[in-house]
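Novice: Residue numbers (our numbering), protein chains in the order written: chain A, 1 to 111; chain B, 1 to 115.
Reference excerpt, derived from the structure (chain B facing chain A, CB under 8 Å, subset only):
#: 1; residue: G40
#: 2; residue: M41
#: 3; residue: G42
#: 4; residue: L43
#: 5; residue: L45
#: 6; residue: G58
#: 7; residue: F90
#: 8; residue: E103
#: 9; residue: Q104
#: 10; residue: F106
#: 11; residue: G107
#: 12; residue: P108
#: 13; residue: G109
These are calculated hints, taken from the structure and not from any lab test. No residue lacks a Cβ here, since even glycine has one placed at the ideal position from N, Cα and C.
Read off the chains here:
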Amino acid sequence: GEDVEQSLFLSVREGDSSVINCTYTDSSSTYLYWYKQEPGAGLQLLTYIFSNMDMKQDQRLTVLLNKKDKHLSLRIADTQTGDSAIYFCAERGDAGNMLTFGGGTRLMVKP
Amino acid sequence: NAGVTQTPKFQVLKTGQSMTLQCAQDMNHEYMSWYRQDPGMGLRLIHYSVGAGITDQGEVPNGYNVSRSTTEDFPLRLLSAAPSQTSVYFCASRSPQAGVSYEQYFGPGTRLTVT
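Extracted from the complex, chain A is given alone in its bound form (with noise of 0.2 Å):
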């Protein structure tokens, strides 16, 4: 099946940038996404990109996205304490109704 990669942990300091990398397999993908979950909470949809774009900004976030090497990535400006949480990379290929995700990566932010 299809494959989505992420590193699992990434730590920075309160105010530098985070950026959170995401690889995928699917070749068809028409739409990536990441998700957010705060501790003990269900995902909640930060952004997403389709497919045939290179970059979509939205506030603090920069999502780029290089589809030759079917690499996403998240890039958090300013990072603050609130934005401690686990980061989900996601594809939607072109089937429509299933997302398939990463195994998330938990971000940390030290004061």
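Once you have looked at the hints, place chain B on chain A.
Specialist: Quick look at chain B alone, frame taken from chain A:
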């Protein structure tokens, strides 16, 4: 709106016991899904439904049954629990009109332990 609600929050079962995880949403969403979350493995789709009376299997359906008699409710049944089903279970819903954002609304999760 309460959004997506799940009960119970926590459950401990013995191997071989059965139980039903409840999921309800009050947003009139047609699409509902069940996922399980295991450490380092992200979310894996168990079953999903695109409307009342319609269900389909996801990536890891074995050992689980679902039904969808109403738009609001989508229960997940474990017929004979096994330790491999120890996990956190999330229910999610979305509207087909969510379009390309594909935004799913997740419940708070049920943490299940099978001993």
